[in-house]
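S.K.: Given next are the chains, with one letter for each unit.
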Amino acid sequence: MDVIIRTVIKGIAPFIILMGVAIMFHGHLTPGGSFPGGAMVASGFAIIAVAFGADEAEGKISEKAVHMLEGLAILVVAYVILFETFVRSYSGLFGLFGLWSSVEVMALNVAGGIMVLGALTLVVLLLLKE
Amino acid sequence: MIEYAIIALLAGAFLTPVFKRSCVPLAAILFSFLVMASVFMQGQTVIMKFSGWSPPFGIVWVVDSFNALMGLLVTGMAMLVAIYSTKYIRERRSRFFTLLCLMTAGLLGVTLTGDVFNMYVFFEILSIACYGLVAFNTDKEAIEGALKYIVLGPLASSFILLGIAMLYGLTGTLNMADIATKIQPDITFNMAFGFLIGGLALKSAIVPFHFWLPDVYPVAPSPISAMLSSVVAGTGMYIVMRILFTIFGFSGVMWMFVAFGVLTMILGGLIAIVQTNVKRMIAYSTISQNGYIFLAFGLGTNLGVAAAIFHLVNNIIVKSLLFLAVGIIIWHTGKKDMRELGGLGKQLPLVMVCFGIGALSIIGLPPLNGFVSKWMIYSATWEISPVLTAIAVIVSAMTLIYYIKAFASVFLGRSKCEIRERTPLVMLLPVIILAAVCVFLGVFPQAAIGAVESAAAALLNQSQYITAVLGGG
Amino acid sequence: MKAPEKVLLAACLIAIFVVITGVFASPLFMKWENKKVARYYNENGLEATGSSNIVSAIVWDFRGFDTMGEETVLFAAAAGVLAITGLNFVRRKK
Amino acid sequence: MIITLITAALLAVMGAYCVVAKKNLLKKLIGLGIFTNFIHLMFISMGYLEGGIAPIITPENILSFPVRAVDPIPQALVLTSIVVQLSVTALALSVTILAYRHFKTLDTDKMRDLRD
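Protein chains in written order, with our numbering: chain A, 2 to 131; chain B, 53 to 525; chain C, 10 to 103; chain D, 844 to 959.
Mixed in with the good hints there might be a few duds.
Unchecked claim - Once the Cα atoms are required to be at most 25 Å apart in a straight line, the calculated BS3-like pairs of lysine-lysine come out as:
#1 D:Lys-947 - B:Lys-192
#2 B:Lys-234 - C:Lys-45
#3 D:Lys-870 - C:Lys-40
#4 C:Lys-15 - D:Lys-870
#5 A:Lys-130 - B:Lys-398
#6 B:Lys-398 - B:Lys-192
#7 B:Lys-200 - B:Lys-101
#8 D:Lys-953 - B:Lys-468
#9 B:Lys-192 - B:Lys-101
#10 D:Lys-947 - C:Lys-15
#11 D:Lys-865 - B:Lys-388
Derived from the structure by calculation, the hints contain no laboratory data.
Put together the whole structure using the sequences plus the hints.
M.R.: Written out as structure tokens, the structure is:
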């Protein structure tokens, strides 16, 4: 890809990723949540990979690390959904409509977003390499 | 307690790519098998409420005696297949086991759930793991089979989703027991039912939709063929029965299912006779046996449903046995065509005996388990119409023809290929265990018939299920 | 494609159209007043979970197990893609 | 409401046509996507309410919310279903790439000829 695209993407990609993270964290207050947020972050990574080539990413992202991240995220999800004792008791601690109004849903949104992000990034990188 | 089974499987799936050891998924599947065995032994209806919400509002898993039997079979087969695969799969083993764990988790979820949409989600986990595993060999044949599967599978899934959407629109709930209380005999309900059953029939290859199966099942690695044609097809049957009897509460003879069952049986048997590829022949035989199951539960009587469940159990055991035995031959020789194989009986006597037991059992000859379930099917059909019994006996004769042909051309006659290595014990062990189970259930059928009859009673007693889930009223 | 096949296909498509419009215009579909479960979510979702986005509350709390399955589906897709196309990925690393 | 209904039915017809009649594999997959989207649209529009608002509570609408909000369950379920569809598409695309490598074509008819 030529230099214009690279420069533009250097400018916008951080904002796309930041926007995705914000959507993940505000999933219990505003439209959106884990999947839109995670997909947005993953698309931020994807345009970087398209602009700079997938080979560049190979040394920086290891497959094992992605799997470990996903494993941790799903453990959080499974823990909260099945045993629901610790996180849920902090829900509603700081009143309604605030960022901390639902710790449980927020934590799950972030964990789910990490899952989506890991899986999509891995798929996009693999398909780009093909 | 059941939640630990699914947690173990998911943890196995997520940890395998990190540690890259075969013992992680093996331990996970073994653990889930032990959990299911203990649930089966207890023999009570277990209700698992996820996130602590009571039934119509949250998701529940409902385990009655039919569910528990299926769960035990699913995890047991997965365990044997996993043990077998440690030697059969030579490369990319950790990826294979990741997908196998996910497949087992999907099967277990589909089997145990009491919520329609949850069933769909787990069906998707199962299907996606299956797409990956069918294409696992990545040669020309496997990719073509996987393509067929991956175009038709999502189509079937979307029909199932359409049925679920209609059920939600009609009843305003997704819990199976809650839906069952709100069913009315109406054309729109029947449409929803048709979409659901149509999607499931496409997935489990009932006759108008059977064309894709023989291209898909044989191209997968042999252990996966065993899983697909035994437990995956069996789970399709299970969920059809669950929808039919528990949600829609049908009773009496359902001629549509009987007709489809008869057609499936005859066509599957006829095409199997002319096959030369061993795995393809067993795949067609699976279609034929699924027809038996459809016929039996289409009768709607207590005996018919019990016979269907028993034949389902036998089919799961025997089909795994046959595919795993054939897998050993393919592992040694690399050939699937009957015409190129021959005289292997002297070199692989144990495999020959086990394959013979499986073949005799699926044909339905006396001291084996297939005989008991086929006898139950014959006597159940005799009560409704002797014509059906005659057809069932004739199809059994067809089964005899093609299995004899396969057995003779693979194991008897002039030796055409050399076996150099010894068969690894871990590959032989599952085959021997399955053959022993076949003989055991044939000699002491009482052990199985009790479990099967209580499963049939649990399936047919709709009001008990609803009371157990929704609690009194 | 031959002419008779085209006619058959067109007939099937028209049938699909008619069936779908017919079925989904059915008056049998529940009125909002009768949907007990959805009303419960809308009325009690905020107090029960603290999340003001009711869809998020359903996705992650009331039906959280479904969503766990959904994340597993995503992982399964990634694992499947890795299993069948990731051959080069491994070899180049070694 | 009737407009969504007709749109959804049209989507279903388009998707079914694509899956059945098109020869190109990619077009088949696109058809599958369209067909699934018909179900999503249908499902969402089942929760439609005259003058309804999105199921997100704010301090302004908290009093009228239980009466006016639309049915949130289909939206949650469709969210799940979209993710499932995405995963299937990703896997299908990777299988298609492999198929192209083996057969050097995406035409299903030619693929059948090339098999033996």
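S.K.: Confirm or reject each hint.
M.R.: To see whether the hints hold, each was checked on the structure:
Between D:Lys-947 and B:Lys-192 the alpha-carbon distance is near 11 Å, which keeps this suggested pair within the 25 Å criterion. Under the criterion of a C-alpha separation no larger than 25 Å, the hint pairing B:Lys-234 with C:Lys-45 is consistent with the structure, at around 12 Å. Of the pairs offered as hints, the one joining D:Lys-870 and C:Lys-40 is violated, with about 38 Å between alpha carbons and a cut-off of 25 Å exceeded. Using a Cα cut-off of 25 Å, the hinted pair C:Lys-15 and D:Lys-870 holds, with the two alpha carbons roughly 18 Å apart.
Distance restraint check for A:Lys-130 and B:Lys-398: the Cα-Cα separation of roughly 49 Å exceeds the 25 Å cut-off, and the hinted pair is therefore not satisfied. For a cut-off of 25 Å, the pair hint linking B:Lys-398 to B:Lys-192 is broken: about 33 Å separates their Cα positions. Restraint check: the Cα-Cα separation between B:Lys-200 and B:Lys-101 comes to about 38 Å, which exceeds 25 Å; the hinted pair is violated. With a C-alpha separation of about 35 Å, the suggested pair D:Lys-953 and B:Lys-468 falls outside the 25 Å cut-off, and the hint is violated.
Only pairs whose Cα atoms come within 25 Å are accepted, and B:Lys-192 paired with B:Lys-101 is rejected, the gap being roughly 45 Å. Using a Cα cut-off of 25 Å, the hinted pair D:Lys-947 and C:Lys-15 is violated, with the two alpha carbons roughly 28 Å apart. Taking the CA atoms of D:Lys-865 and B:Lys-388, the gap is near 33 Å; set against the 25 Å cutoff, the hint is violated.
The structure shown violates the earlier hints numbered 3, 5, 6, 7, 8, 9, 10 and 11.
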